Amino acid sequence: MKTNPDATQFWDEDIFPNCLADLTCYDIDAELRTMLKRFMRATVAIWCNMRPDLVSEPIETTQVDTAHASGEPLSTPAGESRSTVSSPLVPVSPVAVDRSPVDRSPVDRSPVDRSPVDRSPMHSSPSPGSKNSFGDTQLAIDLYAESWMQAAARYSETPLKFFASEENPEPTFLNEDGKYLAFWDPLDGSSIMDANWSVGTILTILRSGWKLGSPARPYVEASLVAVHGPVLNILLCLRGPSSEQSPFVLSNFCYFNDRFILDTPQAGSPQSACYMAAIEDADRPKYFAPANLRAAHVLPKYRAIVDEYIDRGATLRYSGGLVPDIYHILMKRNGIYISPSCTGAPARLRMLFELVAIAHVMEAAQGSAHSITFGAGILDVEICSYEDKTDLIAGCPSAVTRHLAALTT
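Residue numbers for the sequence shown follow this note's numbering, beginning at -9 and rising by one.
Derived from the structure by calculation, the hints contain no laboratory data.
Keep in mind it's a predicted model, so treat the numbers as computed, not measured.
One thing to keep in mind: the hints can contain errors.
Unchecked claim - The calculated DSSO-like cross-link candidates involving lysine-lysine, where the alpha carbons are at most 30 Å apart (straight line), are:
1) Lys27 / Lys291
2) Lys379 / Lys201
3) Lys27 / Lys201
Unchecked claim - Distance ranges between label pairs, derived from CB positions:
4) Gly203 / Gly303: 24 to 34 Å
5) Lys169 / Glu298: 13 to 23 Å
6) Asp19 / Arg293: 12 to 22 Å
7) Ser204 / Pro237: 15 to 25 Å
8) Ala366 / Lys322: 18 to 28 Å
For every residue, glycine included, the Cβ atom is placed at its ideal position computed from N, Cα and C.
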């Protein structure tokens, strides 16, 4: 797959006849369906270009600025990556045969420059002098992923009023009459990519009536959580057929053989291919993901929770990536993720760019996701700034309730 396809060609519906699911099982309008398909394509582009054969040079900040201004995906200086994988997203042009006469002039015998060459991968190379407004160093792959998400959002019929992201938190306005707002983290967990661990992309769609100072719950319309691992999985949380449990349904898509397919529903799930099985309501989950573990040195109550799971032989499942750790809980239908905060170990999770989508997905699976600081569900916390952060406890509802009480009393 090329890293710098022509934008018009890449997004053209006719080029991907069987690449994406129709999303027809959801009760959503055509504009939202089209936009979500574009974002799904963007995640494919991100995933295809972060494999081991990543380009070896960091992306210059000027390239990112140009790409953002034009709305086209960011080109990379080293040509193509993942070249051995055939993808329908960008047709491969036939190789032109050079039939010009062979140059038989004397070979240049001058000494070869054998100085070391920088072959550090894209995902471990900071973009020169670049930090986001949170003070985090922006890796080249962060900015590359951001350019694809922006390209997905920018098109003539976009229903987005504005978008904002972890890399660019201030809103970028697109359509004054747009019905939706988009917030995303283009590449969550990029700091662990050099260890070849799974990372993710997170997207939240709110209705345009949402304003700062309001909680997300009344306005949340859709969420997308992509897991960039050995395979690409996408969790989509959208409005579906009426349900006693929730107006939203959760689906798990797998990108396989150049198309998205719905994973087979798990045992116990409703008789619809669009549903994932619900999380078990376990008071003592089998799986434990203790994030921000340095806080246990300062918070005795957190230390006590960690000791509880150690003492009863629970299974540790923590990678340092929010998306794969939450995805593990959803797929196993069991588990707890705890990321408290304290002096010296502050909250790092962004409400709009990460947690709203995570909470939306978790609740659709009948799990729970709360802010420890506010003692309330993530979707019910008032968001007063685009850069608001908080801590998180998520997973099996009974365990969330029990540990939240222990941490806040």
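Hint-by-hint comparison with the structure:
1. Lys27 / Lys291: 44 Å, violated
2. Lys379 / Lys201: Given pair Lys379, Lys201 holds - Cα atoms ~17 Å apart, limit 30 Å.
3. Lys27 / Lys201: 26 Å, holds
4. Gly203 / Gly303: 24 to 34 Å: Since Gly203 and Gly303 have Cβ atoms about 45 Å apart, the given range 24 to 34 Å is violated.
5. Lys169 / Glu298: 13 to 23 Å: 46 Å, violated
6. Asp19 / Arg293: 12 to 22 Å: With Cβ atoms ~49 Å apart, the hint is violated.
7. Ser204 / Pro237: 15 to 25 Å: Hint holds: Cβ distance 19 Å, inside 15 to 25 Å.
8. Ala366 / Lys322: 18 to 28 Å: The hinted range 18 to 28 Å holds for Ala366 and Lys322, with Cβ atoms some 26 Å apart.
In summary, the numbered hints that this structure violates are 1, 4, 5, 6.
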